[in-house]
Amino acid sequence: MIIEAVVGNVETDERRALHTERIFLASDDLVKRIQRVKTDHGREIGIRLHEPKDLQNGDILYCDEKNMIVISVLADDVLTIMPKSIGQMGEIAHQLGNRHLPAQFEGNEMIVQYDYLVEELLQQLEIPFRREERQVKKAFRHIGHSHD
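Just so you know, the sequence shown maps onto residues 1 to 148 in full-length UniProt numbering.
These are computed hints drawn from the structure, not numbers from a lab.
Glycine included, C-beta positions come from ideal geometry on N, C-alpha and C.
Mixed in with the good hints, there may be bad ones.
As the list claims (entries may be wrong) - As a list, the in silico DSS-like pairs of lysine-lysine whose alpha-carbon atoms are at most 25 Å apart:
| no. | residue 1 | residue 2 |
| --- | --- | --- |
| 1 | Lys137 | Lys32 |
| 2 | Lys66 | Lys84 |
| 3 | Lys38 | Lys137 |
| 4 | Lys84 | Lys38 |
| 5 | Lys84 | Lys32 |
| 6 | Lys138 | Lys38 |
| 7 | Lys53 | Lys137 |
| 8 | Lys138 | Lys32 |
| 9 | Lys53 | Lys84 |
Claimed, not checked - Just the calculated beta-carbon pair ranges, DEER-fashion:
| no. | residue 1 | residue 2 | range |
| --- | --- | --- | --- |
| 10 | Gln95 | Ala17 | 39 to 47 Å |
| 11 | Ala75 | His50 | 23 to 31 Å |
| 12 | Asn98 | Arg15 | 41 to 49 Å |
| 13 | His50 | Glu119 | 34 to 42 Å |
| 14 | Ala93 | Asp13 | 30 to 38 Å |
| 15 | Glu106 | Arg15 | 19 to 27 Å |
| 16 | Glu120 | Arg22 | 46 to 54 Å |
| 17 | Thr12 | Gly87 | 32 to 40 Å |
| 18 | Arg48 | His19 | 40 to 48 Å |
Make the full structure from the sequences, and use the hints.
The following block contains the structure:
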């Protein structure tokens with residue numbers, strides 16, 4: 001089976017099937033438009049997306065009345081940062097931006113991939129954080145630019 005488009009997402013789409021197969025991907029793999037994967041039932045699937053769009057947790061790749069195939073993202077080793085003030089948020093956002101580290105935001109939390117130097121920086125700045133295994137909804141993506 002070759003998948004060429006995402007047909008929905010379980011968080012926003014009401015369609016369901018009697019049986020669900022999952023494709024477990026690392027968050028880094030969400031940015032790959034072409035890849036060969038296996039479902040949790042051993043079925044080989046080719047993904048060849050026409051649109052330049054990243055996959056997300058819960059994306060439905062196939063659905064009929066009997067079966068659906070859904071993307072599930074594996075947990076990442078991350079630092080979840082919980083600044084107590086706008087000042088702390090500004091300070092850590094500035095520091096992480098200077099390092100070109102991609103971040104995600106959920107509620108009042110900033111999530112970055114684990115890095116021992118960032119962990120040390122958070123300790124020095126006394127900004128609350130926790131290291132955890134966490135399932136992210138989308139890939140950490142670097143935004144390219146230059147300093148020319």
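Here is what the structure says about each hint:
no.	hint	in the structure
1	Lys137 / Lys32	15 Å, holds
2	Lys66 / Lys84	48 Å, violated
3	Lys38 / Lys137	20 Å, holds
4	Lys84 / Lys38	43 Å, violated
5	Lys84 / Lys32	36 Å, violated
6	Lys138 / Lys38	20 Å, holds
7	Lys53 / Lys137	14 Å, holds
8	Lys138 / Lys32	12 Å, holds
9	Lys53 / Lys84	34 Å, violated
10	Gln95 / Ala17: 39 to 47 Å	46 Å, holds
11	Ala75 / His50: 23 to 31 Å	29 Å, holds
12	Asn98 / Arg15: 41 to 49 Å	44 Å, holds
13	His50 / Glu119: 34 to 42 Å	40 Å, holds
14	Ala93 / Asp13: 30 to 38 Å	33 Å, holds
15	Glu106 / Arg15: 19 to 27 Å	26 Å, holds
16	Glu120 / Arg22: 46 to 54 Å	36 Å, violated
17	Thr12 / Gly87: 32 to 40 Å	36 Å, holds
18	Arg48 / His19: 40 to 48 Å	24 Å, violated
In terms of the numbered hints stated before, the structure departs from hints 2, 4, 5, 9, 16, 18, listed from lowest to highest.
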